[in-house]
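Novice: Make the full structure from the sequences, and use the hints.
Number of protein chains: 2
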Amino acid sequence: MSLIEDLNWRHAVKAFDPTKKVREEEVDKIIEAARLAPTSSGLQQFRVIAVSNQEIKEKLVKGALNPDSMKDCSHVLVFAAWDAYSAERIDEAFDYTTEVRGLPKGRFSSYTDKLKEIYLSQPAEVNFAHTSRQSYIGLGLAMAQAAELKVDTCPAEGFDNNVVDKVLELDKLGLKSVTLLYVGYANEEKDWMRPMKKVRIPREEFVIDVK
Amino acid sequence: MSLIEDLNWRHAVKAFDPTKKVREEEVDKIIEAARLAPTSSGLQQFRVIAVSNQEIKEKLVKGALNPDSMKDCSHVLVFAAWDAYSAERIDEAFDYTTEVRGLPKGRFSSYTDKLKEIYLSQPAEVNFAHTSRQSYIGLGLAMAQAAELKVDTCPAEGFDNNVVDKVLELDKLGLKSVTLLYVGYANEEKDWMRPMKKVRIPREEFVIDVK
Chain A
1 MSLIEDLNWR HAVKAFDPTK KVREEEVDKI IEAARLAPTS SGLQQFRVIA VSNQEIKEKL
61 VKGALNPDSM KDCSHVLVFA AWDAYSAERI DEAFDYTTEV RGLPKGRFSS YTDKLKEIYL
121 SQPAEVNFAH TSRQSYIGLG LAMAQAAELK VDTCPAEGFD NNVVDKVLEL DKLGLKSVTL
181 LYVGYANEEK DWMRPMKKVR IPREEFVIDV K
Chain B
1 MSLIEDLNWR HAVKAFDPTK KVREEEVDKI IEAARLAPTS SGLQQFRVIA VSNQEIKEKL
61 VKGALNPDSM KDCSHVLVFA AWDAYSAERI DEAFDYTTEV RGLPKGRFSS YTDKLKEIYL
121 SQPAEVNFAH TSRQSYIGLG LAMAQAAELK VDTCPAEGFD NNVVDKVLEL DKLGLKSVTL
181 LYVGYANEEK DWMRPMKKVR IPREEFVIDV K
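Protein sequences, first through last, are from chains A and B. Here the numbering used here is used: the first residue of the first sequence is 1, the next is one more, and so on. Here the numbering used here is used: the first residue of the second sequence is 1, the next is one more, and so on.
Some hints here could point you the wrong way.
No copy labels: a pair is met if it fits in one copy or bridges any two.
Unchecked claim - Cross-link-like lysine-lysine pairs, in silico, DSSO-like; alpha carbons within 30 angstroms at most:
#1 Lys116 to Lys197
#2 Lys176 to Lys21
#3 Lys211 to Lys150
#4 Lys29 to Lys150
#5 Lys57 to Lys190
#6 Lys190 to Lys114
#7 Lys62 to Lys190
#8 Lys57 to Lys29
#9 Lys114 to Lys166
#10 Lys198 to Lys116
#11 Lys211 to Lys172
#12 Lys57 to Lys114
#13 Lys62 to Lys211
#14 Lys198 to Lys166
#15 Lys166 to Lys71
#16 Lys211 to Lys176
#17 Lys211 to Lys29
#18 Lys211 to Lys57
#19 Lys166 to Lys57
#20 Lys62 to Lys116
#21 Lys166 to Lys14
#22 Lys114 to Lys62
#23 Lys29 to Lys166
#24 Lys166 to Lys211
#25 Lys114 to Lys14
#26 Lys211 to Lys116
#27 Lys197 to Lys29
#28 Lys211 to Lys14
#29 Lys105 to Lys190
#30 Lys105 to Lys166
Because the hints were derived from the structure by calculation, they are not lab data.
Specialist: Here is the structure:
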């Protein structure tokens with residue numbers, strides 16, 4: 001199947017079957033697609049926390065719009081972004097890049113100096129908006145990968161970030177939760193979205209051609 | 001090829017061949033992947049402006065970090081997000097949904113009332129951060145689709161948003177530019193990124209398993 005066929009196949013599943021678990025091998029592929037996501041300056045400003053532990057999943061529920069989906073899905077993938085930029089984080093990312101590429105350490109220092117100049121002078125909320133949006137590239141690719149595997153998903157912003165951050169102790173990792181992705185297999189009877197037609201505005205409204 | 005193979009194939013191309021244009025049919029598929037992107041509450045808070053007109057492309061260049069890529073690529077796709085939430089925009093999106101699904105108008109009014117309550121009370125910059133990040137789901141899927149077609153791309157945040165917004169008169173559409181995607185075919189000699197190894201932090205650093 002092509003990507004477009006996969007994207008037409010998927011929908012935001014509204015009820016999961018708690019008896020069906022996604023195989024680890026498939027969860028790994030979904031996470032791999034997110035890991036391969038391109039990010040601004042290649043900094044990979046986000047991480048994924050893959051929660052399959054039922055007890056922990058139930059602790060994340062408080063404040064969630066779809067608590068049953070959280071409980072019944074196989075894995076909750078938490079997309080969490082860097083809570084802030086720092087010179088250390090930027091250097092660490094680029095030191096790893098030069099190491100992998102066999103280049104001298106500091107090879108990109110004029111570029112990293114520029115990044116530091118930009119980010120370290122911006123307000124914290126502007127920077128977190130920036131790290132957060134990178135995670136959405138990974139979110140989209142993870143959903144596409146799940147669709148390729150015919151694994152159901154539902155992205156979810158409707159949850160209490162403070163609860164999730166606290167339960168997973170994300171502050172210790174310098175991260176803050178941004179979005180969730182419920183991964184599993186639909187409860188086809190309860191999933192009210194399933195019979196509904198996919199709705200997207202027509203191409204002519206979505207795109208403006210400047211030829 | 002699988003999505004993961006496609007993601008491993010792609011890289012951020014640093015120089016394009018100005019003599020090679022991407023066929024409209026392929027550009028359409030890339031845009032279609034972005035159109036199919038899921039978005040928060042299904043609102044599709046972003047649009048794509050597809051610029052292939054050389055004169056306009058050259059007007060977008062001022063302030064861009066890679067002016068040659070902008071000029072030499074085949075198409076510049078501008079991902080632009082809603083500049084603000086409004087009751088009208090939310091109603092319009094849901095009226096279209098009920099129309100397509102053959103449901104009574106206002107069927108989702110308790111949900112849309114809640115959305116209005118949330119968004120219309122939030123500061124403008126919080127809302128724009130939210131609409132902006134939706135566009136990154138589309139950006140990721142557009143890059144994946146291009147890779148499936150073996151079309152080269154480079155995502156670019158390094159440009160002057162004010163210039164792009166003004167040249168394309170995005171304010172008249174209630175949009176603001178968020179990111180660009182250069183689409184075309186690499187100039188293989190000048191593309192200094194091509195021979196370099198793809199760098200991603202290892203899986204064990206990217207993911208935290210809570211089993």
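Novice: Given a CA cutoff of 30 angstroms, do lysine 114 and lysine 166 count as a within-copy pair, a between-copy pair, both, or neither?
Specialist: Classified as between: cross-chain Cα gap 26 angstroms, same-chain 34 angstroms, threshold 30 angstroms.
Novice: With 30 angstroms as the alpha-carbon cut-off, assign the pair lysine 211 and lysine 176 to within, between, both or neither.
Specialist: between (42 angstroms within a copy, 20 angstroms between copies)
Novice: Is the C-alpha distance from lysine 114 to lysine 14 at most 30 angstroms within one copy, between copies, in both cases, or in neither?
Specialist: between (44 angstroms within a copy, 18 angstroms between copies)
Novice: Is it within a copy, between copies, both, or neither that the alpha carbon of lysine 198 lies no farther than 30 angstroms from that of lysine 166?
Specialist: Neither: 36 angstroms inside a copy, 34 angstroms across copies.
Novice: Treating 30 angstroms as the Cα threshold, decide for lysine 211 and lysine 150: within, between, both or neither.
Specialist: Close across copies (23 angstroms), not inside one copy (38 angstroms); limit 30 angstroms.
Novice: Give the relationship of lysine 211 and lysine 172 under a CA distance limit of 30 angstroms: within one copy only, between copies only, both, or neither.
Specialist: between (50 angstroms within a copy, 19 angstroms between copies)
Novice: Using 30 angstroms as the alpha carbon limit, work out where lysine 62 and lysine 190 are close: within a copy, between copies, both or neither.
Specialist: Within. Shortest intra-copy distance 22 angstroms satisfies the 30 angstroms Cα cut-off; inter-copy 53 angstroms does not.
Novice: Between the shortest in-copy and the shortest cross-copy C-alpha distance, which are at most 30 angstroms for lysine 29 and lysine 150: within, between, both, or neither?
Specialist: both (12 angstroms within a copy, 21 angstroms between copies)
Novice: Cα distance capped at 30 angstroms. Does lysine 57 pair with lysine 114 within a copy, between copies, both, or neither?
Specialist: Intra 41 angstroms, inter 26 angstroms, cutoff 30 angstroms: inter-copy only.
Novice: Regarding lysine 105 and lysine 166, is the shortest C-alpha distance of 30 angstroms or less found within a copy, between copies, in both, or in neither?
Specialist: neither (36 angstroms within a copy, 41 angstroms between copies)
Novice: For lysine 166 vs lysine 211, is the C-alpha pair at or below 30 angstroms within one copy, between two copies, both, or neither?
Specialist: Answer is between; shortest inter-copy Cα gap is 17 angstroms, intra-copy 50 angstroms.
Novice: Checking an output row: lysine 62 and lysine 116, CA cutoff 30 angstroms. Within, between, both or neither?
Specialist: Between copies only: 23 angstroms across, 37 angstroms inside.
The structure shown violates the earlier hints numbered 14, 26 and 30.
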